[in-house]
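Protein chains in written order, with the working numbering: chain A, 1 to 354; chain B, 1 to 354; chain C, 1 to 354; chain D, 1 to 354.
Hints listed in this document are in silico derivations from the structure and should not be mistaken for laboratory results. One or more of the hints may lead you astray.
As the list claims (entries may be wrong) - DSSO-like mimics (lysine-lysine), calculated; alpha carbons at most 30 Å apart, straight line:
1) K307(D) <-> K81(A)
2) K81(B) <-> K133(C)
3) K81(D) <-> K81(A)
4) K307(A) <-> K133(C)
5) K81(D) <-> K81(B)
6) K46(A) <-> K81(D)
7) K133(C) <-> K170(C)
8) K46(D) <-> K133(A)
9) K81(A) <-> K81(C)
10) K81(D) <-> K81(C)
11) K46(A) <-> K307(B)
12) K307(B) <-> K133(D)
13) K81(A) <-> K170(D)
14) K170(B) <-> K81(C)
15) K133(B) <-> K81(C)
16) K46(B) <-> K81(C)
17) K46(D) <-> K307(C)
18) K46(C) <-> K81(B)
19) K307(D) <-> K133(B)
20) K81(A) <-> K81(B)
21) K81(B) <-> K133(D)
22) K81(C) <-> K133(A)
23) K81(D) <-> K133(A)
24) K133(C) <-> K46(B)
25) K81(D) <-> K133(B)
26) K133(A) <-> K307(C)
27) K81(C) <-> K81(B)
28) K281(A) <-> K200(A)
29) K133(C) <-> K81(A)
In case you want the letters, here they are:
There are 4 protein chains.
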Amino acid sequence: MVPYTPNPGRSFMSDNIAGASAEIVQAIIAAATEHVPPYGNDTVTKAARQRLQEIFEREVDVYPVSSGTAANCIGLASLVKPWGSILCHPDSHINNDECGAPEAFTGGSKLVTVSGNDTKLDPQSLRAAVSRKAGDVHSVQPSVVSISQATESGSVYTVDEVCELSSIAKSAGLRVHMDGARFSNALVHLDASPAEMTWKAGVDVLSFGLTKNGAMTVDIIVSFDPTLASELAFRQKRAGQLASKMRFHTAQIEAYLADGLWLRNARHANGLAARLADGLKSIPGPELLREPEANILFCRLAPHVIKELLGRGYQFYHDRWAPGTVRFVTSFSHTLGSVDELVEAIRSCYVTKP
Amino acid sequence: MVPYTPNPGRSFMSDNIAGASAEIVQAIIAAATEHVPPYGNDTVTKAARQRLQEIFEREVDVYPVSSGTAANCIGLASLVKPWGSILCHPDSHINNDECGAPEAFTGGSKLVTVSGNDTKLDPQSLRAAVSRKAGDVHSVQPSVVSISQATESGSVYTVDEVCELSSIAKSAGLRVHMDGARFSNALVHLDASPAEMTWKAGVDVLSFGLTKNGAMTVDIIVSFDPTLASELAFRQKRAGQLASKMRFHTAQIEAYLADGLWLRNARHANGLAARLADGLKSIPGPELLREPEANILFCRLAPHVIKELLGRGYQFYHDRWAPGTVRFVTSFSHTLGSVDELVEAIRSCYVTKP
Amino acid sequence: MVPYTPNPGRSFMSDNIAGASAEIVQAIIAAATEHVPPYGNDTVTKAARQRLQEIFEREVDVYPVSSGTAANCIGLASLVKPWGSILCHPDSHINNDECGAPEAFTGGSKLVTVSGNDTKLDPQSLRAAVSRKAGDVHSVQPSVVSISQATESGSVYTVDEVCELSSIAKSAGLRVHMDGARFSNALVHLDASPAEMTWKAGVDVLSFGLTKNGAMTVDIIVSFDPTLASELAFRQKRAGQLASKMRFHTAQIEAYLADGLWLRNARHANGLAARLADGLKSIPGPELLREPEANILFCRLAPHVIKELLGRGYQFYHDRWAPGTVRFVTSFSHTLGSVDELVEAIRSCYVTKP
Amino acid sequence: MVPYTPNPGRSFMSDNIAGASAEIVQAIIAAATEHVPPYGNDTVTKAARQRLQEIFEREVDVYPVSSGTAANCIGLASLVKPWGSILCHPDSHINNDECGAPEAFTGGSKLVTVSGNDTKLDPQSLRAAVSRKAGDVHSVQPSVVSISQATESGSVYTVDEVCELSSIAKSAGLRVHMDGARFSNALVHLDASPAEMTWKAGVDVLSFGLTKNGAMTVDIIVSFDPTLASELAFRQKRAGQLASKMRFHTAQIEAYLADGLWLRNARHANGLAARLADGLKSIPGPELLREPEANILFCRLAPHVIKELLGRGYQFYHDRWAPGTVRFVTSFSHTLGSVDELVEAIRSCYVTKP
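Input sequences plus hints: build the corresponding full structure.
Below, the structure written as structure tokens:
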């Protein structure tokens with residue numbers, strides 16, 4: 001067994017500050033020795049594909065890539081023509097945090113935003129948007145609805161909500177993309193099956209994120225539409241995302257899904273966010289902005305508390321969304337102790353000052 | 001120490017069938033535990049950058065990516081306008097094996113081929129090409145010369161040859177890109193320094209390949225032109241190649257360069273190709289098509305020998321270039337024994353038949 | 001003299017329903033006979049270039065194209081990197097009516113909207129937008145401010161307003177683009193000089209529209225930045241916009257600018273909109289939504305009036321922006337009589353009904 | 001009637017030096033006066049569409065554009081995925097003279113050349129190319145065969161030759177594009193019907209060039225595949241090629257096709273090239289390189305003759321293809337007299353010198 005020393009420290013900036021689960025590392029070690037065919041024609045990759053089919057209870061097409069940006073953009077490009085538009089939330093990752101990569105990969109499609117509370121698409125607004133200027137040659141054509149599950153603010157669509165949005169999309173001829181950078185966190189929150197939360201709810205292409213939840217450097221494009229298989233394969237290659245030593249991607253996938261590591265990790269991370277919420281509620285002062293559903297917690301802290309926490313070495317995003325608004329993100333590799341310490345630190349800040 | 005069992009088998013298809021060096025795996029293990037800032041703001045990445053500066057004896061800008069295709073295409077895109085052309089050999093990897101990815105990343109630049117023996121650009125032909133239709137608005141404009149070092153056929157440009165090509169390029173205002181998917185193999189063949197073979201020889205941007213020579217899944221864009229830094233950073237992000245858990249890329253880089261692993265691996269691989277050449281020369285029948293300079297060997301074998309070898313489980317490319325032409329590729333993880341066995345297998349095929 | 005029979009009819013849908021001024025047609029006739037060099041190396045083109053330099057009181061680079069979309073998109077592409085963003089009004093033509101062409105021509109730049117009253121960019125909002133996430137590799141980079149002069153709603157920026165926006169842009173390192181599809185209408189409204197309204201006010205590249213104001217099929221990219229000349233020339237060619245029989249574009253330009261045709265046409269069109277406004281004000285019922293500054297008038301009419309006008313053969317856009325909102329556009333080829341008839345038609349609708 | 005004074009002068013550089021036929025100019029005059037709906041919803045455009053359907057003896061989709069580059073590139077983009085390749089002759093216009101515009105419009109498709117005599121694709125070579133690396137994700141996928149009719153050297157495919165190439169393309173699943181910048185010249189040479197030379201011979205999308213043969217500034221994308229209609233419409237708009245005052249394009253089309261102007265013009269131009277060939281044959285010295293089939297003639301002249309002709313004010317391309325090789329292009333607006341004068345000029349040069 002490889003020694004694995006969790007060292008959570010005091011950073012709650014993002015789940016991408018974490019390393020990798022021991023099981024993932026072990027799988028990498030095991031994958032490193034053999035001579036195997038490149039580009040995915042190996043038994044590890046075969047096993048990972050098989051595993052994904054079991055998880056999703058059906059045939060799926062699988063394209064491992066090295067980043068969530070790549071997963072989102074290649075997936076979206078397979079669903080939209082250059083003159084199509086992608087309907088997404090103004091605060092979605094694809095709209096704000098990928099430096100225009102969706103526009104680049106799609107040949108210049110337009111992201112058109114659809115508002116809604118809790119970083120979720122509002123069905124009424126979506127209904128108006130899906131047919132806007134349809135058939136008008138002067139306008140981009142609504143083509144894909146992209147749903148983040150969980151969202152950037154840590155909220156989670158219920159299965160019914162996904163179904164409703166998909167239904168609105170499908171009735172107007174649009175396709176459905178799910179940005180699942182935190183797919184596992186959403187899944188364990190809902191206690192739904194992967195199938196229920198995706199293709200059974202109308203999702204055509206999923207970005208299945210592993211990196212934030214225990215893997216090293218792999219996310220997966222999972223397609224539920226077999227007619228996209230050839231296009232996705234060429235787009236993956238052409239994007240520089242067809243790994244020659246594919247096994248190093250797929251060994252992570254296999255270890256992630258085997259024995260429920262992914263679910264354990266996600267439950268752990270979500271549990272810490274809930275624990276943090278409980279802790280904050282026990283303190284007079286902090287305002288919880290939303291009950292955390294996944295592994296992200298937004299709250300409002302007093303300026304002097306933020307300052308004091310930073311001074312003690314805590315790391316987190318603050319004052320980006322609104323003055324005093326703070327985001328804490330927990331992960332598989334954070335410990336209960338680190339969360340409890342954070343709670344106590346906040347408590348003490350409120351007690352002592354200003 | 002992690003157990004590492006080389007298992008070379010009988011495949012000589014490519015160096016991408018190999019796993020990873022033990023040192024690389026160890027570095028991954030070490031990198032897996034800590035909480036560190038994402039996107040390269042961590043000490044491992046800092047160390048890797050530092051190491052690259054030492055290796056190249058100057059400031060360099062460094063962009064780790066997950067594939068050689070990405071390294072080549074992002075690098076090229078920073079050197080060429082969409083209406084520019086990239087001068088390359090007809091048999092180069094960027095022209096044949098990247099599914100048009102260079103055209104995609106550059107916004108539709110044209111690859112214009114320049115012939116030459118041994119898969120090398122011929123200086124005379126290049127001289128004619130660099131100014132072809134310069135300033136003619138109806139034509140793509142020669143903008144970059146891309147040199148593969150080592151080439152697809154395993155030949156290696158001498159430092160003087162690189163200098164000559166660069167000089168031709170520079171005198172006409174073109175930039176120089178080096179596709180170094182097998183950079184280390186070329187380097188140890190020449191016994192040159194990295195600086196001599198690159199920026200001192202006029203190279204502006206290098207694709208420094210690690211994956212084929214012992215790493216898992218990382219290649220590096222190394223830029224010697226500081227004015228490209230901002231553009232390369234945005235292009236890397238926008239291509240889905242800015243890894244959040246960057247440390248898993250850079251830990252490989254650090255381990256690769258530390259203690260000369262990269263050079264040892266390359267010498268080993270090159271040595272095996274030379275040993276295979278010597279073996280073939282000792283057999284009446286096989287025709288060595290070119291003295292191997294790196295870790296690739298091209299020869300001509302009798303049809304019955306090819307058939308027999310395949311029957312015995314040997315794997316290699318054959319009959320793609322010309323009838324009877326066979327390519328063997330050796331790697332850091334092939335053993336002397338495996339090469340000797342291959343030689344004896346070929347010898348026995350020639351003795352017994354047809 | 002060629003016979004020219006204005007036949008304005010009852011359409012006020014847009015200024016692109018008009019034909020061409022007699023002077024433009026005469027210039028085409030004159031240009032049709034000679035053998036001249038292609039691609040702009042002819043005396044007509046030379047004269048047009050010269051004329052533009054006089055009009056703008058300086059050296060300018062001139063690229064005639066066949067549409068406003070092409071003028072805007074090629075111009076913008078020369079000012080923005082693919083990872084840059086273009087700041088524009090939500091109701092601007094480039095954002096709504098070009099089917100994503102700006103995204104296509106720029107290699108996937110993002111249009112980021114900046115609000116403001118009267119379809120004009122609000123300086124305060126712009127000030128916040130120009131430096132948003134500057135230097136953040138995860139975000140598109142504010143790169144160009146695009147100003148429509150006149151705007152889609154017919155409002156006109158004062159010269160001071162253009163200067164202020166340019167100043168905000170320039171102070172943050174952004175470039176300034178002006179969409180002048182109705183440049184002439186804005187100019188005569190302001191009684192400013194072309195120089196004052198463009199380069200002296202900080203504009204780098206102008207789309208100078210002729211088609212809506214008397215020409216047949218030509219708009220011009222006018223660049224005030226000589227460093228863009230080469231790029232614009234290649235982009236024009238590569239966009240399929242370098243006309244071989246360039247003279248047919250430039251003959252229109254020459255005729256348009258000579259003897260003040262462009263200003264007469266614009267004054268006529270603007271005057272008709274003002275006359276229409278006066279007429280509407282004389283009728284109890286219609287609500288003028290904004291005093292027309294160029295040749296576009298927005299008002300609110302009663303539903304039965306809209307219906308009745310349509311029934312009488314009048315054509316105009318209505319109920320697109322808000323229920324009851326009507327847009328009338330006048331042009332160089334509409335007559336006073338036709339406007340007076342329209343006013344009387346509206347008056348009679350209000351008198352008789354409901 | 002508009003006065004029309006042919007003034008051929010002494011330029012034989014290209015057919016794009018000519019102006020426009022009187023009938024075309026008349027049509028423009030007629031189109032200039034009315035108020036009509038924009039974007040092709042007018043009676044002139046309707047008539048032109050109808051005319052094209054009669055000419056091609058079937059339903060066709062029609063997209064008028066302002067240049068041959070636009071016609072070729074938008075048409076090709078509708079037939080090829082970004083990872084597809086376009087098979088064309090090395091000397092074709094799309095490969096050499098459009099500054100990489102096909103790569104730009106297609107999102108980075110690759111032009112793969114297929115050789116052949118007389119600037120025509122060789123069927124044997126094409127047969128090898130259409131299935132090259134089909135299904136190999138590392139390679140661009142053969143997707144379209146682009147045939148120039150007439151070719152850049154003035155040769156003309158027979159209908160049987162077009163059929164053979166199309167058959168090879170279709171049997172491998174490729175589409176067929178015809179670059180008909182000189183479509184009319186080819187047609188009258190073959191004495192075939194437009195239908196026979198296009199869709200009956202397997203052509204999917206045609207660039208129907210008018211500009212070189214009497215029109216001012218309009219070429220047409222003619223699609224014989226109704227499933228491409230929507231895509232072509234959006235691509236046309238998005239390329240800045242959907243003219244608001246469409247009538248000025250379509251009036252040219254209508255006049256061009258009505259009463260056989262297009263065929264008369266092409267016969268005149270071809271006849272002049274044949275007359276020039278006859279003249280050259282009557283002179284000892286000039287070497288006719290190929291019997292002209294359309295309106296382009298290649299010959300070899302002595303250096304002193306070239307020099308002398310240039311000195312007398314003659315204009316033509318020379319020494320671009322090989323030393324002493326000269327190209328003369330005739331057009332609808334060249335006169336018999338001008339060709340006869342050219343012949344006599346050449347004769348006198350040979351007589352008097354060196």
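Right, here's what the structure says about each hint:
| no. | hint | verdict |
| --- | --- | --- |
| 1 | K307(D) <-> K81(A) | violated, 54 Å |
| 2 | K81(B) <-> K133(C) | holds, 26 Å |
| 3 | K81(D) <-> K81(A) | holds, 11 Å |
| 4 | K307(A) <-> K133(C) | holds, 23 Å |
| 5 | K81(D) <-> K81(B) | holds, 22 Å |
| 6 | K46(A) <-> K81(D) | holds, 29 Å |
| 7 | K133(C) <-> K170(C) | holds, 17 Å |
| 8 | K46(D) <-> K133(A) | holds, 24 Å |
| 9 | K81(A) <-> K81(C) | holds, 22 Å |
| 10 | K81(D) <-> K81(C) | holds, 24 Å |
| 11 | K46(A) <-> K307(B) | holds, 28 Å |
| 12 | K307(B) <-> K133(D) | holds, 23 Å |
| 13 | K81(A) <-> K170(D) | holds, 25 Å |
| 14 | K170(B) <-> K81(C) | holds, 25 Å |
| 15 | K133(B) <-> K81(C) | holds, 26 Å |
| 16 | K46(B) <-> K81(C) | holds, 29 Å |
| 17 | K46(D) <-> K307(C) | holds, 28 Å |
| 18 | K46(C) <-> K81(B) | holds, 29 Å |
| 19 | K307(D) <-> K133(B) | holds, 23 Å |
| 20 | K81(A) <-> K81(B) | holds, 24 Å |
| 21 | K81(B) <-> K133(D) | holds, 29 Å |
| 22 | K81(C) <-> K133(A) | holds, 29 Å |
| 23 | K81(D) <-> K133(A) | holds, 26 Å |
| 24 | K133(C) <-> K46(B) | holds, 24 Å |
| 25 | K81(D) <-> K133(B) | holds, 29 Å |
| 26 | K133(A) <-> K307(C) | holds, 23 Å |
| 27 | K81(C) <-> K81(B) | holds, 11 Å |
| 28 | K281(A) <-> K200(A) | violated, 37 Å |
| 29 | K133(C) <-> K81(A) | holds, 29 Å |
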